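Q: These are the residues of each chain, in order.
Number of protein chains: 4
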Amino acid sequence: MNREEIEEIISRNHKKINSGEVADYIPELKNMDPTILGVTIASINRDSFTIGDCDQRFTIQSISKVIALIVALKDCGFDKVFSKVGMEASGDPFNSIIKLETLQPNKPFNPMINAGAIAITSLIKGQNGEASFHRIIQLLQTITGSRHIELNEAVYQSEKETGNRNRSLAYFMKSTGILEGDPEEALDLYFKICSINVTCSDLAKIGLWLSNGGQHPHSKEQIIEPEIAKIVLTIMMTSGMYNASGEFAVQVGFPAKSGVSGGIMAVVPGKMGIGVISPPIDKKGNSVIGVHVLEDISKQFQLHQFHV
Amino acid sequence: MNREEIEEIISRNHKKINSGEVADYIPELKNMDPTILGVTIASINRDSFTIGDCDQRFTIQSISKVIALIVALKDCGFDKVFSKVGMEASGDPFNSIIKLETLQPNKPFNPMINAGAIAITSLIKGQNGEASFHRIIQLLQTITGSRHIELNEAVYQSEKETGNRNRSLAYFMKSTGILEGDPEEALDLYFKICSINVTCSDLAKIGLWLSNGGQHPHSKEQIIEPEIAKIVLTIMMTSGMYNASGEFAVQVGFPAKSGVSGGIMAVVPGKMGIGVISPPIDKKGNSVIGVHVLEDISKQFQLHQFHV
Amino acid sequence: MNREEIEEIISRNHKKINSGEVADYIPELKNMDPTILGVTIASINRDSFTIGDCDQRFTIQSISKVIALIVALKDCGFDKVFSKVGMEASGDPFNSIIKLETLQPNKPFNPMINAGAIAITSLIKGQNGEASFHRIIQLLQTITGSRHIELNEAVYQSEKETGNRNRSLAYFMKSTGILEGDPEEALDLYFKICSINVTCSDLAKIGLWLSNGGQHPHSKEQIIEPEIAKIVLTIMMTSGMYNASGEFAVQVGFPAKSGVSGGIMAVVPGKMGIGVISPPIDKKGNSVIGVHVLEDISKQFQLHQFHV
Amino acid sequence: MNREEIEEIISRNHKKINSGEVADYIPELKNMDPTILGVTIASINRDSFTIGDCDQRFTIQSISKVIALIVALKDCGFDKVFSKVGMEASGDPFNSIIKLETLQPNKPFNPMINAGAIAITSLIKGQNGEASFHRIIQLLQTITGSRHIELNEAVYQSEKETGNRNRSLAYFMKSTGILEGDPEEALDLYFKICSINVTCSDLAKIGLWLSNGGQHPHSKEQIIEPEIAKIVLTIMMTSGMYNASGEFAVQVGFPAKSGVSGGIMAVVPGKMGIGVISPPIDKKGNSVIGVHVLEDISKQFQLHQFHV
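Chains as they are written, first to last, in UniProt numbering: chain A, 1 to 308; chain B, 1 to 308; chain C, 1 to 308; chain D, 1 to 308.
Do not rely on the hints blindly, as some may be mistaken.
Note: identical chains are not told apart, hence a pair may lie in one copy or across any two.
[Stated by the list, open to error] Below, simulated DSS-like cross-link-like pairs (lysine-lysine); rule was C-alpha separation at most 27 Å, straight line:
#, residue 1, residue 2
1, Lys125, Lys74
2, Lys271, Lys30
3, Lys271, Lys299
4, Lys80, Lys283
Bear in mind the hints are in silico, worked out from the structure with no lab data behind them.
Remember, it's a predicted structure, so these values are computed and weren't measured experimentally.
Please build the complete structure, drawing on both the sequences and the hints.
A: Right, here's the structure in full:
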């Protein structure tokens with residue numbers, strides 16, 4: 001794998017930029033420049049590339065669900081976390097409330113849908129919401145070494161103001177006992193975590209760290225147990241790409257998590273992390289160019305987990 | 001990995017036999033001896049074990065969905081197959097009809113649920129149903145070398161008589177245009193394929209063949225393209241264990257497909273196929289002992305795909 | 001109420017003919033002349049009008065659900081009938097299968113939706129399907145005195161060939177035990193009853209008979225018990241106009257049942273029966289002009305049941 | 001109809017008191033004395049009876065949905081009200097959220113389910129929540145002449161604290177634009193209206209007023225237009241008794257609305273209002289004895305609207 005090969009893949013997929021639309025549910029996202037395009041590959045063997053707009057900051061959005069799950073598993077352990085949320089792909093849209101009503105036990109299907117992520121967020125420890133949030137910022141800064149990882153206040157305020165569907169999910173879970181504590185506190189932390197600014201290089205570094213079993217690739221610090229990395233990668237593989245997770249697993253074949261700002265964090269276990277940013281998203285919420293670039297990288301370098 | 005280690009795992013899990021119940025929706029399954037227990041491991045390096053009741057025949061049931069998908073992909077190609085069925089895990093029970101009504105396009109979520117498998121079955125080529133069925137028997141005999149792989153007539157008749165839920169699914173798909181051709185013909189072939197007699201050693205050999213990218217490990221014949229094996233393994237990983245597929249992926253971490261007769265066919269890519277038979281199944285339809293044995297094998301020999 | 005008033009109401013609503021579309025799910029319905037328009041009012045006091053195309057025959061379609069319910073209640077009694085079907089309005093489309101899966105007990109919501117009507121049809125007595133069907137024809141001929149009430153063979157064949165959604169409902173109910181006997185037999189009788197030719201004058205006479213508690217208004221024969229008429233009128237009031245039953249009850253305020261051929265049979269208890277035919281139907285399946293004419297008649301002559 | 005006949009009906013049904021359970025979702029309801037039993041009949045001809053615990057106060061609960069609908073219709077008119085809520089019976093439980101997600105347009109099915117009532121409540125005019133609430137109290141005092149009609153503060157606080165399912169419904173409707181204004185304000189007014197103290201004699205008087213087309217039977221003041229009474233009675237007939245509305249319409253045959261405190265307000269159009277209180281409720285939320293007493297009254301005095 002060399003820089004030219006990746007550049008060739010990017011330029012081949014560049015024209016697909018018009019197949020998607022920039023997310024518009026909050027003004028701050030709507031104002032993103034659709035032509036931003038960045039890909040960072042961070043390999044275990046330090047053989048890394050940054051191509052395009054890799055310094056461009058954007059909010060992490062749903063990719064934060066991976067971070068919330070990691071911290072909740074660290075704080076509360078496997079059994080507590082999975083008493084509040086399942087491990088199954090749901091087949092329903094990310095903000096669906098139906099299964100909370102129809103299924104027994106009515107816990108959210110998995111931590112990658114909004115309901116599940118809100119339930120998980122309520123498990124993150126901290127003296128108060130501010131402290132909990134600070135712990136997450138610190139973790140991300142430790143993994144990436146990036147000082148610019150911080151709250152995007154405008155996006156946070158906007159999420160908070162328009163987050164009624166998430167509020168509905170939270171109060172539903174409060175009524176069924178899945179959510180302990182104050183729903184507004186869980187929501188506030190959830191909105192904040194979604195509003196963290198990152199770059200695609202940061203995403204690549206987080207992916208690299210997960211591909212390395214949770215051990216920092218340079219400092220060698222084992223930040224989380226390998227077991228947690230394994231769980232998180234599996235859930236990314238089955239549920240990380242919204243309602244297209246199954247198709248992505250077939251076509252690309254390694255764990256990834258996307259967000260509506262157009263970012264994707266992908267992990268090739270034992271090998272590399274990949275960060276992509278390209279704001280136009282498809283109807284399921286995934287970056288159009290991001291998905292195609294990852295598919296081409298997977299095929300060209302035979303990275304599909306079930307390639308033999 | 002040696003025989004003693006596997007035997008130790010089996011005996012450790014043996015007491016869980018009482019946590020499950022033998023399937024009872026047709027009399028022929030209900031009459032299965034709950035104490036049957038067999039595990040076969042077939043490795044790429046020919047280092048294989050058969051432990052317990054590995055000559056015991058039982059009907060393949062839903063494990064046949066993998067075979068139907070393979071043959072349909074071979075016969076019609078990726079695009080045609082996935083115009084009739086999706087690739088997403090559904091979160092609904094295997095025989096659910098709801099999503100056929102509520103979702104647009106209303107194709108079944110994936111080929112591992114009944115609706116999807118019936119749609120797939122209708123794509124299998126043959127001059128008539130008998131010829132199509134014969135092709136499948138021949139394929140299985142080629143892969144396994146087993147002459148005893150044939151129709152269990154009593155189970156087939158019973159499936160046919162009691163298969164009204166599947167008939168409902170088929171006519172629904174006929175009404176929406178997903179199912180082409182005669183629903184009764186597709187159902188007849190579906191019931192037959194579910195009623196094929198196999199042993200857990202056969203399952204291990206099928207798994208081994210898939211772990212080897214569809215190339216026969218001994219004859220070296222490339223029976224299907226590696227691309228088909230890759231697709232099938234991915235769908236087994238995300239949807240092979242009914243509504244517990246996500247949990248199995250987290251806990252065990254390699255592709256598998258189960259059936260209500262208590263069989264499981266598992267695949268460790270590039271390494272081995274594993275066949276298990278133990279009739280008592282849990283509420284989701286998976287062999288209780290089978291799942292525990294595979295989990296312990298995965299942990300003891302670090303076979304989880306996302307173990308680093 | 002005089003002829004001129006009704007004629008004025010009809011001509012006032014005539015222009016709405018273009019707001020609807022003739023049903024097209026089977027060719028025989030699609031070929032109906034959209035300009036057919038007939039209204040018959042048959043009063044207890046013999047003060048009756050026929051205006052427009054009142055000799056035009058059309059198939060009774062879902063209005064037959066009322067007849068099937070009457071005969072089933074006569075044959076099997078209240079308790080048996082309502083062990084197979086509920087009395088609640090469903091809020092789902094007439095051909096929906098969802099609630100059969102999600103609710104316990106999974107009997108159809110009411111006898112006015114397809115699933116419920118198929119279940120009810122299976123309760124109609126007769127040595128065989130032909131005999132059961134003949135009983136229904138005879139009942140309708142007795143009520144109306146019309147010899148032309150008979151099977152429309154072309155529509156019946158067409159219903160039978162294209163009735164896969166109904167077949168799906170029937171086999172689903174067979175799988176849950178709601179439907180006893182052979183689903184194909186119940187479906188055959190169901191398709192036949194839907195394919196009976198009537199005129200809007202026939203519908204008015206059936207409505208008149210129900211408005212008179214099931215006693216023939218001229219011969220004074222008490223053809224069914226008044227209790228059955230009462231039950232049937234109530235269910236027509238709550239569930240007779242598909243998904244617009246509640247709105248029709250508010251706006252018009254007396255029991256009615258519509259069919260996709262554009263016919264409506266309405267009943268003003270103790271006063272009159274009204275039959276309407278105008279093929280263009282709205283998205284919920286009700287004759288556009290039919291609904292408006294009935295609403296205007298209700299308002300002009302203060303026939304709303306809750307008018308005080 | 002005389003007092004002895006009603007007393008006989010009550011004593012005949014008294015033993016059914018053990019078939020139900022006092023509502024327990026908030027402590028204040030749970031503490032109700034299950035043996036309270038009162039029936040008031042208020043006739044247009046001033047021929048009225050109060051039997052049993054007719055001075056016993058209890059919270060109006062869901063019967064308030066009728067009042068909210070009346071006031072919203074008075075304040076905003078038919079078109080505005082029914083742009084926010086439908087007129088169809090839903091077939092789903094009173095607190096269900098599913099149809100808000102699955103149906104387009106996703107307005108609540110009718111004003112008698114929680115989501116619909118919350119949407120309706122937000123339409124009630126007033127300078128602030130306190131003023132809106134005061135208008136409702138005044139209306140009820142005008143209709144009934146009862147000074148004791150006022151807020152039960154303990155129940156209100158309890159509803160507010162435990163009302164997370166309703167909060168979930170409100171925020172869902174806020175996210176889809178059905179609910180205008182502040183969800184918390186609409187909820188606060190909703191909780192207050194549910195927590196108004198009444199007696200069964202009050203309910204009978206409200207019913208009498210509705211049976212009289214909204215004209216006060218004594219003062220002759222036309223408090224609301226007759227058209228509003230007509231609409232409200234129709235919706236009570238199709239949707240007033242939770243998921244048993246259809247069965248109640250068949251068996252009893254006049255409009256009624258129940259609440260989980262065990263009260264029922266029934267209306268025989270043009271004739272009388274009936275108020276019942278008996279706290280033990282069935283699984284659908286209706287007073288067990290209340291339903292049976294109303295059914296017997298209907299049958300004995302031939303009050304079914306479709307009795308001929």
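Q: My question is about Lys271 and Lys299: at a cut-off of 27 Å on alpha-carbon distance, are they close within one copy, between copies, both, or neither?
A: both (15 Å within a copy, 22 Å between copies)
Q: At most 27 Å between alpha carbons: which applies to Lys125 and Lys74, within, between, both or neither?
A: within (10 Å within a copy, 51 Å between copies)
Q: Could you place Lys80 and Lys283 in one of the four classes (within, between, both, neither) given a Cα distance threshold of 27 Å?
A: Result: close only across copies, 22 Å inter versus 34 Å intra.
Q: Is it within, between, both, or neither for Lys271 and Lys30, if the alpha carbons may be no more than 27 Å apart?
A: neither (35 Å within a copy, 48 Å between copies)
Comparing the model with each numbered hint stated earlier shows that hint 2 is the single one that does not hold.
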